[in-house]
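S.K.: Residue numbers (my numbering), protein chains in the order written: chain Y, 256 to 594; chain F, 62 to 319; chain E, 42 to 469.
Hints are supplied without guarantee of correctness; some may be wrong.
Said to hold, decoys possible - Think about it this way: if two alpha-carbon atoms lie no more than 30 Å apart in a straight line, the pair counts; the simulated DSSO-like pairs of lysine-lysine are:
hint, chain 1, residue 1, chain 2, residue 2
1, F, 295, F, 312
2, E, 318, E, 178
3, Y, 453, F, 295
4, F, 312, E, 298
5, F, 212, E, 298
6, F, 262, E, 310
7, F, 263, E, 198
8, F, 263, E, 169
9, F, 263, Y, 408
10, F, 254, Y, 408
11, F, 212, F, 254
12, E, 350, E, 395
13, F, 88, F, 270
14, E, 298, F, 295
15, Y, 408, Y, 309
16, E, 169, E, 298
17, E, 176, F, 264
18, F, 270, Y, 467
19, E, 295, F, 115
20, E, 295, E, 71
21, F, 254, E, 318
22, E, 298, F, 254
23, E, 324, E, 346
24, E, 324, E, 198
25, E, 178, F, 254
26, F, 264, F, 115
27, E, 169, F, 264
28, Y, 270, F, 212
29, E, 318, F, 312
30, Y, 410, F, 88
31, Y, 449, F, 115
Said to hold, decoys possible - Covered stretches of chain F (chain Y as the covering partner; in silico rule of three or more C-beta atoms under 8 Å from a C-beta of chain Y):
hint, stretch
32, 120-128
33, 252-264
What the hints assert, rightly or not - Example chain E residues on the side facing chain Y (calculated, C-beta under 8 Å, incomplete):
hint, residue
34, 192
35, 199
36, 237
37, 239
38, 261
39, 266
FYI, nobody ran anything at the bench for these hints, they're computed from the structure.
Being a predicted model, the structure only gives us computed values, none of them experimental.
We put the CB at the ideal spot given by N, CA and C, even for glycine.
Next come the chains, spelled out residue by residue.
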Amino acid sequence: MSKNIVILILGEFVKGTLSNITREMLGGGRESADNVNGRLALMLLGDNLELAAKEAIAYGADDVYLAENPELVTYQADTYLQIIEKAVKDVEPEILLTGQTSIGRDLAPRLAFRLGTGLCMDCVRLDIEPISRIVRMTRPVYGCKALAVMICKTKPQMASIRPGTMKSGEQDRSRKGQLHALAADIDISQIRVKVTAKVDEQMDSVSLDNAKVVVCGGRGMGSADSFSMLEDLARLLGGAVGASRPPCDAGWIPSTRQIGLTGKIVSPNLYIAVAVSGSSQHMAGCAESRTIVAINKDPEANIFATAHYGVVGDYREILPPFIRHTSEILQGKGGSTCY
Amino acid sequence: MQIVVCIKQVLDPEMPYSAFRIDPDGKRAIPPQGTPPVISPYDENALEAALRVKDVHEAKVIALSLGSRLARPVLNKPLAAGIDELVLIEDPVAADLDSFASASILAAAISKLGGADVVFTGRQAADWDAGIAGCAIAEELKMPCITVARKVSVQNGMVQVERLLSDGSEVVEAPLPCVITVDSELGELRQIKMQGLISAKKKPVSAWKLSDLKLESPPPPRCELLELYIPERKRVCEIITGENPEDAAIKLANRLFE
Amino acid sequence: MLLELRDYMSDMKRCARCSLCKWPPLAQLKSWRFSNICPSITRYNFHTYSGGGRMALGLALAEGRLEDITDELLNIVYRCTACGACDSSCKYNSELELLWPIYSTRAYLAGMGYFFPEHSMIIDSLRKEDNIMMKPKSDRGKWAEGLKVKDLSRGEKAEVVYHAGCLYCYDPELSIVARDTVALLKEAGVDVGIRGNQEACCGSIAFQLGFQGEFIKFAESNIDDWNAAGVSSVVTSCACGFGIMKSVYPLLGKEMKFEVLHITQYLDKLIKEGKVKLDHSIKSRVTYHDPCNLGRKSEIYIPWKGIEKKVLGQFILREPEKVIHRGWNGVYEPPRDIIRSVPGIELVEMQRIKEYSWCCGAGAGVKQCLDDFAMWTASERIAEAKSVGAEAIVTACPWCERNFKDAITASKDDILVYDVVELLRQAM
């Protein structure tokens, strides 16, 4: 009997609660599932998943499939694939979603291969046709200079969703849903890649992912020393410093601060781009920010096409008075901004 | 040891904005005049990864490329950088392949070359940005795949890879043979020297057609491309001007924080 | 985009193979020995190397008749210094554009991925280090060490920015000329500044090799930098840079809030205003070599787009009227005036001068990739200089100076080479 699961989401969680992207996919998935009268399911792998499962139902899932095994606590393609491949064949979803995350990027292509189906990575938009349940998947290509719309002709239709493109719904603890346990036995002999060490990169007090204000430097900064000006500004506003790709490639700033298509995707309240040309790969990382401010010497720089406010000129002449005057304004207001 | 690096020729991702145009009917980007195609940047990092292994171990490194129209001067670069051999699979049908089909052809080519101890490729190609081919090649060849590597070392039939995570990195180990996709943090391809260009002319270059790989026609794309377009951008930017840069800066601060 | 091969189809089709592109116009010829104007065909002898031949080549590519791009084809295309002499000569009879189809052919081939391996080294160097000399960007300001001149990259302001150019920045033998130029300008009371490490290539070699994508990025960046620095004039010593800034930068559609001047134009003005005192006399018989990029190629280029109508089966009328670029409006007199103002100097003219000048042989990547061709071309020009009894060749472009010096060293000749500024310095 068909379970009528139209969308199955591969969920991720951080420190026991669902990650942002998972909640976003649940929100978007709920809306789509309602449009086509289907059920929304979430799959979680790990250990002690009951709390996360309840959270998933509160965020919109009808069914939650759990695979619990201590071996699954750390992500590994070989273990995850064993379980997910079998589960997907049982659940028979029309659509299978993953997040465009470190895990999603590693897992989705292999899963699509083993399921013999197609896959669109980094989707920014899904449109499901209600009767045929075929999804039009929109994804950026050519370094985000163009958009491609694709459909997958086999089931399940697989898509990897870019963070920040769907909206999570409100948590509703009264929602009801079903929990299902998945067979979580793992054939250890199939594990080929072993994790031997993990390094957490030392980040400053405010991490890029959570910062409400981000100050970003680009190639036009010219050198590593000039980033100290950005750090002053970030500290003043209680934000974090990021960079587009050229400063990271040049070694001026660690790559963990890279914002862009293959770096971090952030959506702070205020994003100040200094000497950033605004290439589409970079804008992919910050376009969802609420207010974007650009300072660049080129009046036709691409960043001005997406920014809300801009000043044309040399940042070396604009930033110091900007920082000074902002500091005065903030002192007058008791130290905090509305961002 | 035999190492194969899969590289893809793409339109230059750093072409000026005005040069990027799409043919909506043909659903492809139009190659601009005056900006040559390049090797996809992450594939260059993959070449560097392979050369670093070769620096330390006895290894033969083969660069493998699949495309519909491959430009020799562009693909000569790996040979000038130190790669031993270049294999080109040039076939018009390559223009319509998806990642999975390309992966099956590349895997067949790697088998024809006698297999590989390590297959390197970039984490994603600068045209379609899919990031699928590396893992698909590994699945075809039934090898493990380690993605987004930033440091690779080979010892005693095992490979040790430092790979990126969203909040840091991890070190993993796997037995050879395996596929590794490389991130830009590994480092840029070493500079080409005149000596490299001269020795490149003597290195072997093979040109294969799909029929040489004894493949039936490649599988159709698993996803159908319906539309390809450049999104319209509405300018909403308020440019703040002033009598001089300092004046503009003060006005900006007022606008944002007052 | 600036270079589109199909734009020149009608001109390429109309080449009648009159072969005027191979010689200066008849009225300008003075001897059989120096009757050639195109170094390429003079050396390699097949029609395809001449201006008209390159039109036929471009037409074949544009019409799709050349599918297979062989090494021989690339050799033909790149054995040309893009000096524009064929362009100027053709205008005597025909009014066809020759230089821009040559650039467009290169852009077409580069777009398909065909170029010399040395070109890709040059372009990589340009992308990574902002210069075509394959040297590190951080060394770019070293030529000005100890000069005590304003550095615009550190926020100082000046009226005039001096753009030294890649060759002056990185070639130690020639940097002295740049240092002398800056010292001279300062002594004359000019408010001059340099951009030091932050100076970037003008992009002219990228453009001439057909890599217009790279050129556009550098040109736009330079225009933005100079606009943002608020300078009123950009003065450069490099004729290649001057030529491209004058003729191609305006085509990008960006507002240029400054004036572009060559150092000879600027110095000529200063001398006439009496701000430069020339006290010493130099007793020498010298000749002046017109650099292609300072002369015929610095004329402002206005691409023509419109409707052509054939009248009476013969004449072409164009709507709007096409501006014919004959090369007359280059910078010819200012350097000559400067030389003539040096006391004691005797200036003699060579046979092929001004817009019919014979190229030095260094342009468009030829010096870097085909040194033997460059040296031969220079030796032809040196022979011409000696034929009019000159003891020294005075020129106004570092590439010309570099190439002449190399040719003289190789042939162990005794003729001297000076830049205009070097001559002035000796006279002060």
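S.K.: All hints are to be evaluated individually against the structure, with a verdict given for each.
M.R.: Here's how the hints hold up against the structure:
{"no.": "1", "hint": "F:295 with F:312", "in the structure": "holds, 24 Å"}
{"no.": "2", "hint": "E:318 with E:178", "in the structure": "violated, 36 Å"}
{"no.": "3", "hint": "Y:453 with F:295", "in the structure": "violated, 44 Å"}
{"no.": "4", "hint": "F:312 with E:298", "in the structure": "holds, 24 Å"}
{"no.": "5", "hint": "F:212 with E:298", "in the structure": "violated, 48 Å"}
{"no.": "6", "hint": "F:262 with E:310", "in the structure": "violated, 53 Å"}
{"no.": "7", "hint": "F:263 with E:198", "in the structure": "violated, 54 Å"}
{"no.": "8", "hint": "F:263 with E:169", "in the structure": "holds, 28 Å"}
{"no.": "9", "hint": "F:263 with Y:408", "in the structure": "violated, 47 Å"}
{"no.": "10", "hint": "F:254 with Y:408", "in the structure": "violated, 48 Å"}
{"no.": "11", "hint": "F:212 with F:254", "in the structure": "holds, 24 Å"}
{"no.": "12", "hint": "E:350 with E:395", "in the structure": "violated, 34 Å"}
{"no.": "13", "hint": "F:88 with F:270", "in the structure": "holds, 25 Å"}
{"no.": "14", "hint": "E:298 with F:295", "in the structure": "holds, 27 Å"}
{"no.": "15", "hint": "Y:408 with Y:309", "in the structure": "violated, 34 Å"}
{"no.": "16", "hint": "E:169 with E:298", "in the structure": "holds, 28 Å"}
{"no.": "17", "hint": "E:176 with F:264", "in the structure": "holds, 28 Å"}
{"no.": "18", "hint": "F:270 with Y:467", "in the structure": "violated, 54 Å"}
{"no.": "19", "hint": "E:295 with F:115", "in the structure": "violated, 48 Å"}
{"no.": "20", "hint": "E:295 with E:71", "in the structure": "violated, 44 Å"}
{"no.": "21", "hint": "F:254 with E:318", "in the structure": "violated, 48 Å"}
{"no.": "22", "hint": "E:298 with F:254", "in the structure": "violated, 40 Å"}
{"no.": "23", "hint": "E:324 with E:346", "in the structure": "violated, 52 Å"}
{"no.": "24", "hint": "E:324 with E:198", "in the structure": "violated, 41 Å"}
{"no.": "25", "hint": "E:178 with F:254", "in the structure": "holds, 18 Å"}
{"no.": "26", "hint": "F:264 with F:115", "in the structure": "holds, 16 Å"}
{"no.": "27", "hint": "E:169 with F:264", "in the structure": "holds, 27 Å"}
{"no.": "28", "hint": "Y:270 with F:212", "in the structure": "holds, 28 Å"}
{"no.": "29", "hint": "E:318 with F:312", "in the structure": "violated, 49 Å"}
{"no.": "30", "hint": "Y:410 with F:88", "in the structure": "holds, 25 Å"}
{"no.": "31", "hint": "Y:449 with F:115", "in the structure": "holds, 24 Å"}
{"no.": "32", "hint": "120-128", "in the structure": "violated (count 0)"}
{"no.": "33", "hint": "252-264", "in the structure": "violated (count 0)"}
{"no.": "34", "hint": "192", "in the structure": "violated, 12 Å"}
{"no.": "35", "hint": "199", "in the structure": "violated, 14 Å"}
{"no.": "36", "hint": "237", "in the structure": "violated, 11 Å"}
{"no.": "37", "hint": "239", "in the structure": "holds, 7 Å"}
{"no.": "38", "hint": "261", "in the structure": "holds, 7 Å"}
{"no.": "39", "hint": "266", "in the structure": "holds, 6 Å"}
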